[in-house]
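Enquirer: Those sequence lines, one after another, are chains R and U. Mapping of the first sequence onto my numbering: residues 55 to 548, in sequence order. Mapping of the second sequence onto my numbering: residues 806 to 1804, in sequence order.
Note that these hints are calculated values from the structure, not bench results. There could be a bad hint or two in this list.
[Stated by the list, open to error] Straight-line alpha carbon distances no greater than 30 Å define the calculated DSBU-like cross-link-like pairs of lysine-lysine that follow: (1) R/76 - U/1493; (2) U/1543 - U/930; (3) R/237 - U/1543; (4) U/930 - U/1043; (5) U/1048 - U/1543; (6) U/887 - U/1042.
Bear in mind the structure is a predicted one, so any value in this text is a computation, not a measurement.
Spelled out, the chains give:
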Amino acid sequence: MKNKLYICAVVALMIAATGCEKIVVLEPKNSITPEVALGDVDGYQSVLISVYDRMQSYGYYGRDMALMGDALTDNIFTVAAQAGNRYATVNLNTRNAHYGIWSNAYSCVNELNNIISGIDNLPNVPASKKALQTRVKAEALALRGLVYFDIARVYGYEPTKVPTTGTNANFNKSAVLRLTPTKLATDADLKPRSTIVEVYNSIEKDLLASIAAFTSLGASVPTNPYRVTQSATHAMLGKVYLYWGKDALAVQEFDKAMAPAISFAKLSTAGNAASDFKKVPHPESLFELNYVQSVEVVGVTGSNDGLFTYTQPTTTNASNVATFGGQTVSNELLALFETTDDRRALIFNSRTGTTSTTYNWANKYPGSNGAYTDNVKIIRFSDVLLMKAEALANQGLYADAAAIVVQLRTNRNATVVGVPVTIAIIDYIQDERRRELFFEGHRWFDLKRLGRTITKPAQAPSASALLATDYRILAPIPSGEISLNPALPQNPSY
Amino acid sequence: MKKLLLSVVVFLMVAITAIAQERVITGTVTSAEDNKPLPGASVKVKGTKTGVSTGADGKYTLKAASNATLEFSSLGFVAQSKNVGAASSINVALASDAKSLGEVVVTGYGVTKKREVTGSISQIKGDAFLDQPIQSFDKALQGRAAGVQVNSTSGQPGGGISVNIRGTATINGSTQPLYIVDGVQMNSGGLSGQTSVNTLASINPNDIESIEILKDAASAAIYGSLAGNGVVLITTKKGKQGKSIIRASAQMGIAKQYNPYELLDAEAWYKLRLESYQNQYERAGLSAAAGAAAGAAATFPNGVPSVIDNFNWIDAVSQTGKNNQYDVSVSGGDQKTKFFISGSYNNNDGTILTSNFKRGTLRANLDHNVSDKFNISASLSLAANKSKGPSTSSGFFTNTPFTGVILTAPVNKIYNADGTFNTVFVGTNNQNSVQNLTQEIRNAGTFQTVSNLAFTYKVMPGLTAKVFGGVDFSDVSDLNYRPATLSAAAATVGSGSETFRRNINYTTTGTLTYAKTIGSHNFSALGGFEFREVTGTTLSATAQGFASPLLPLVSNASTPTGSSSTFTGYRTSGLLGNVKYDYKGKYLFSGNVRYDGSSRFGANQKFGLFYGVSGGWRVISEDFMKNLTYVSDLKLRASYGETGVQPTDNFGVLALYGNGGQYGNPGLAGGLRPSQLPNPDLTWERSKQINFGLDLGFLKNRITLAVDVYRKTNSDLILARTLPGDSGFGSINENAGKAKTEGIDIDLNTVNFDGKDFKWTTNFNIAFNRNELLQLNNGLTNISDFFYTVGMPLYQIFTYKYAGVNPADGRVMYYDKNQNITYSPTLTDRQYIGDQNPDFFGGLTNTLSYKGFTLDFLLQYQYGNSSYLQTAQYTEMSAGIANNQVVSQLSRWTTPGQLTAVPRAYNTLAEPGSLSQQTLSSRFVEKASYIRLKQANLSYRIPEKITQKIKIPNISVSLQGLNLLTFTNYRGDDPENSGNNLNFYPNPRTISGGISVQF
């Protein structure tokens, strides 16, 4: 007995003396080290999945990129009391009530940087995984281009639309360009913002590299539009060129994007415009973010934050469920439609469960993919068509532009008499974009990139129009970033 | 067992025959104070190993030679020696240790005599909270120990509590002390994700012998990197040698909701609401009539009824709480084996509908001497509890009913005419709190054991080896179910989740102790090794699409929506040591050391050295004190030590890729993403504390006073260093920053009156404390938006300063940074309003006994802490929002020139050019000072003359009350819940009656 105890005590002390380091190590089980995570192509693909997951968040494509552009402008009148104050200040363009994608977008960028800088260095990739390796890299490059394009257009001006007067005169700062991953705390050094042209050059380079990688895989029609494809990347690049004023290049890319050999999307035929918004995926989608309701929109996340809850009247919607619906169709937007226009059927008038006042509601988010769940259409065929028309019109090819508008309107059962073939087509295209793409988040960026005044719905008497020189045309960079690195710098007047 | 006894007897008989000249001595040992027999006293023949203990009747029998000397001793009594001589019967009356300082105090890994304590240790005896209607012992700490601030975080029976020893000097580290139950280090905190369940509720308070609180760093240093917030040691009852004692008690009582709010009725509310619309429309240049019409349309979409019915939502969710508590215990033992066995059952209905806590506990504490040298002891406990109640997380209407019902406008009906729940509401997002409470299921079931086993071996005189193993194990299953009838779950046809949690926390310790006395030099040393591992796993599933509310398990759902599992944990391990030395009990010295490592520390800083030294001088033992007869005790103490506060993130130092969501169709793929950067330098926060103490006793210790002054400086605080967001990471933790807390603890005990029948004793304690943030990282002067500002106290309230209501137009005015009046201050106008630390706090306990009656009551108090009034940001809005209002809002501004503190009614709250009335300002900050009659207890011990007739020697009946009275000016829910008080479940008033029998 006595000896045993001695032995116990001695052993205990020996463990203490020798095994110190190991005895106080405990490995997590829900996480893994970077070496394990990025050990093969599938690991990189999982990181890519994470980026799509981040894009789904409500502060990014999940809601704000899909709807806030309408509330910031004249398509939406926000009924604050019904909305539970959602977008109430956004609709009034209150200082700081703006897009806030900075942190989310850069989390995406860092993960994409990990993929782009690492996936080519994988040793011993089996032949069966080579195509996936190329594909993951192609998607990552395309998404990095897209995310930087979003940062550039939310926080900075377009290359040709920098104001020359006012508080923001000649302000040419854009995104912070980081193209290598942050692996250690020391990698997270302070960097200033690059110029608009530097960022656009980087975006173009990424998208071209992505297209080259996609092309090396050969042409094929995707089975669904839920991941970035070659056709979507062409459309993105065309859009970048359009914003850049490179109209001829833009037309080339839009044509490639719509090529049937690589595109999932087709223009809907007449009579289907409204019902297509209940289809999953939307037949016109080049790129659409998909949600699986039972996993991704569970609990109160959907009913608090989803597009459905923002845009449908509470309890008097088709599902009779409670919402924070307060984003209503403005009278000015409604007035743009002819009664026969298929797209007019996407707007309905209704009271709500908590007020007898009636409002006009958009039915583009009817919960088509489950309770409180709708997919987000990032690029739609009609958007590409209208951008192509715009790029043609910008080059003075008014008749070609008008022909595209006629094609679209015919497919929407709208009259085609009066579609101008003169310079007036330029404004007509913007009205058509409003009719076609309302409540899809485009309106803010369309007005901004054209340097137009942001008009406001008359129903909101305390809202006033924003001139193109107004400092609120640019979103504020999070104040924490500025206090850490004043040299970024912050956008003027914030 | 019997065989063993037999062999001992045989052995003794052999011995007797061998030493023929010895003879039998008998006698009784009594206590000189009350002449009652003293069981368990030791009787030894000096210079031999022969010795016995007295029986339950104080009698003993042993053999001794006539030239031998017998030594009589018992804990807490002065030892005596008697020569045997010719006597065959020796009776001894032992005097109790006059200074009553023979009492022992539990310290880390050992005990020490109270008079030899050199650090700062508070002790609370189990008697103080015996048979009280509390479910966990941490509540018993309230108001009883100087410098220990205890606040209840939930009124849910068995719910959580926050304990803070000597203030706070950390920002991101834990502020809670280390709890140790019979040597087992516990994890404190909540166990369930569904409702408030306190992990310490698995220990039945009636099983506790004493609670010791190691307040200074020198005492706590033996627990190293976990001891930075002090240590609470809980010792459960052990059996005593002698006649078996059976004790049984029962309590029954009721509890009432504490509700300080007086709310408007429907008619008054509606009138005020219309006024707010009228004012809004008039301000916008429209007519008052149009405003009234809009108000009517918004409040009554289906037309204004001729009679506006009033609905009292608070009454609708309240119920009378009921407490039932039954305890039984048996303790006793003989020379070799001692035992304490107990069982208890608790059934408590909370004061909120459906809130309930049930618990059963079992305990067996056993102690057996296998031989003179070898001892085994075990403490085994098992507790099962079931808790039902409101959520612990915030959420106005769906989760926490109490805030929800205060805010629900009184025009909202609870039920429809057909008896179904109303689901169309004004102002609450169509949430019916009564429906939520009755239809949503939130259950937590827990099985927990805190048990240990120890082997002790006396290697040689003075040297003892001990091997100890202890475990704190709990299994928790949570169930949440929302039927389709609730609007939150309507679209998904019901939703549910089940979670299973398992927490395993075990400690193994090996120690060697050595004690030696050489002349007047007393020396003891302890050395040991300890390893602890804490792991927690959860497994959960969620689902939607339920057929019927009668089948709420996820297996009955049509669509599983998710499953998840998590694992977390940490390990600590260390070498520990303690040395004690005293000279004649006059000059005392103690040193603690621990070399401690933790898996939470970065690779470059895995182990740290923690230590403490303390010294004391018992001035009373000096010759020059002999003449000062009125002074019965005088001791000076000083200590200094360094302990640690561990990072709270178990894996915070590793570079990790974790869950990166999911995406895709068909085939939802899981994502992976970098979740954190490697952080090899991150380690413990360093906590250094210096303590000076003075113990004084007068008039044979009828008055005792303990005063302690301390300063604790925490450095290397774990702070986040912000990284540029464009790096993809928000921040990384680093050890930087510094804060201090300092204060005075005073503990005064007096025997005010000590007569034949009447006795009155008082304990008064008070603690003054202040803290200050000394340094932050990154060159910052404040973080968390001025909550922490260098040079200011922690937990600062920094916001706009309210300047009252403008008598001219009824709008809210504020002071700007130049103390000028403004309607629309900007962020730079915010200023220091107060901080949430009390200036002082403590308790006052009085015990009065007269014959069989005993009355004791505890007043708890706190002074000077500012607290938010978050509920007022909804209920004091002059009906500018669709929430119910308190009656004070009727005195809102209406006419120019009117002097009032309540702004004018304005729908949406934000007048053009003004901040929203709801904006946090000093209007919603108030001192939460209070005095509360926390506990009152009246008991009567039925005279033995009567009880002997029914053969039960000891029967007591008692009446207890908790939270009976509260004196405060605070307008919030409950001054005890400082800080965030939205969604708080108030502490109820409880009254219960009980009976206990002992025989």
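Enquirer: CA of residue 76 of chain R to CA of residue 1493 of chain U, is that 30 Å or under?
Expert: holds (28 Å)
Enquirer: Keeping to a limit of 30 Å between CA atoms, is the pair of residue 1048 of chain U and residue 1543 of chain U held or broken?
Expert: Measuring from Cα to Cα gives roughly 56 Å; hence the hint is violated.
Enquirer: Residue 1543 of chain U and residue 930 of chain U were given as a pair; does the straight-line alpha-carbon distance stay at or below 30 Å?
Expert: At roughly 36 Å apart (the allowed maximum being 30 Å), residue 930 of chain U and residue 1543 of chain U break the hint.
Enquirer: Check whether the Cα positions of residue 237 of chain R and residue 1543 of chain U lie no farther apart than 30 Å.
Expert: holds (29 Å)
Enquirer: Holds or violated: are the alpha carbons of residue 887 of chain U and residue 1042 of chain U at most 30 Å from each other?
Expert: violated (33 Å)
Enquirer: For the pair supplied as a hint, residue 930 of chain U and residue 1043 of chain U, confirm whether the alpha-carbon distance does not exceed 30 Å.
Expert: With Cα atoms ~14 Å apart, residue 930 of chain U and residue 1043 of chain U stay inside 30 Å; holds.
Comparing the model with each numbered hint stated earlier shows that hints 2, 5, 6 do not hold.
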